[in-house]
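Quick note, the sequences are listed as chains H and R, same order.
Per numbering that gives the first Met the number 0, residue 0 is the first one in the first sequence, and the count goes up by one each step.
Per numbering that gives the first Met the number 0, residue 0 is the first one in the second sequence, and the count goes up by one each step.
Please note that a few of the clues may not be correct.
Heads up, the list lumps identical chains together, so a pair's fine if it works in one copy or across two of them.
Said to hold, decoys possible - Below are the SDA-like pairs computed for lysine to any residue, each with C-alpha atoms no more than 20 Å apart in a straight line:
1) K120 with F68
2) K120 with R72
3) K67 with M0
4) K67 with G124
Don't read these hints as lab results, they were simulated from the structure.
2 protein chains.
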Amino acid sequence: MQLGRLDHVGIAVTDLAAARALYEQVLGLEVTHEEVITEQGVHELLLRAGEAYVQLVAPLAPDSPVGKFLAKRGEGVHHVGYAVPDVAAALAELRAQEFEVIDPAPRVGSGGTTIAFLHPKSMQGVLVELVEEGTGHRG
Amino acid sequence: MQLGRLDHVGIAVTDLAAARALYEQVLGLEVTHEEVITEQGVHELLLRAGEAYVQLVAPLAPDSPVGKFLAKRGEGVHHVGYAVPDVAAALAELRAQEFEVIDPAPRVGSGGTTIAFLHPKSMQGVLVELVEEGTGHRG
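With the rest of the complex left out, here is chain H (with noise of 0.2 Å):
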């Protein structure tokens, strides 16, 4: 197993609008793809930092998972995603090592990617995302 790039910071917040003011007028950094993804029930903004991007998740509904974690925890850090070749064999042997995985199997993520989450558990506290690039723009 061998965890590529730093992808993304996932940052929940309540306020998409206004969160990206902040990252984009205020810090600086470019809006590189937009997306609503109802099957996750976020509202999704990645900001381009480096190699890796900053992603804003805004819940469409209270009942989502970002919506409760923001109810729980309130706004900031959601999860840290890393690039991988193939998230399917990083799957298949991480769960051979008894790892604790939210997503059995792989799934489409944002911008054409296919991702998969690892649990906390398994992972020192962190939600870690697998994701491997497809063929879709994410900038």
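Since the structure of chain H is provided, determine the placement of chain R on it from the hints.
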């Protein structure tokens, strides 16, 4: 103001040896720097993940900032670091915009860096570290 690349994700851990084994042996990242920073009360490891780092920080004492964080929140993401060319200039600009800062002036970080922390209140719940590279080696 222009944030540079995402420099690192700081993860607070109680058992540094276990966290190191996870990231190094299971996930294949390379430890490029290790430092005990008495002033900040942490034992730190940097592992390279592309052009960014995973920074594992364990407290030297329970009443250190990271020790208190662990007591309150448990293991998990502690802060996010971004590169800037000039921490003093960035701090001055943000303070002029009434950002709440933890460090009113730049201070010495690990690996010869110059750093300053911004308060989560001004950063949508995220503790943010500005990092200016120095002449030291972080790998």
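Hints, verified against the model:
no., hint, result
1, K120 with F68, "both (16 Å within a copy, 18 Å between copies)"
2, K120 with R72, "both (17 Å within a copy, 14 Å between copies)"
3, K67 with M0, "neither (32 Å within a copy, 33 Å between copies)"
4, K67 with G124, "both (17 Å within a copy, 16 Å between copies)"
Checked against the numbered hints given earlier, the structure breaks only hint 3 and satisfies all the rest.
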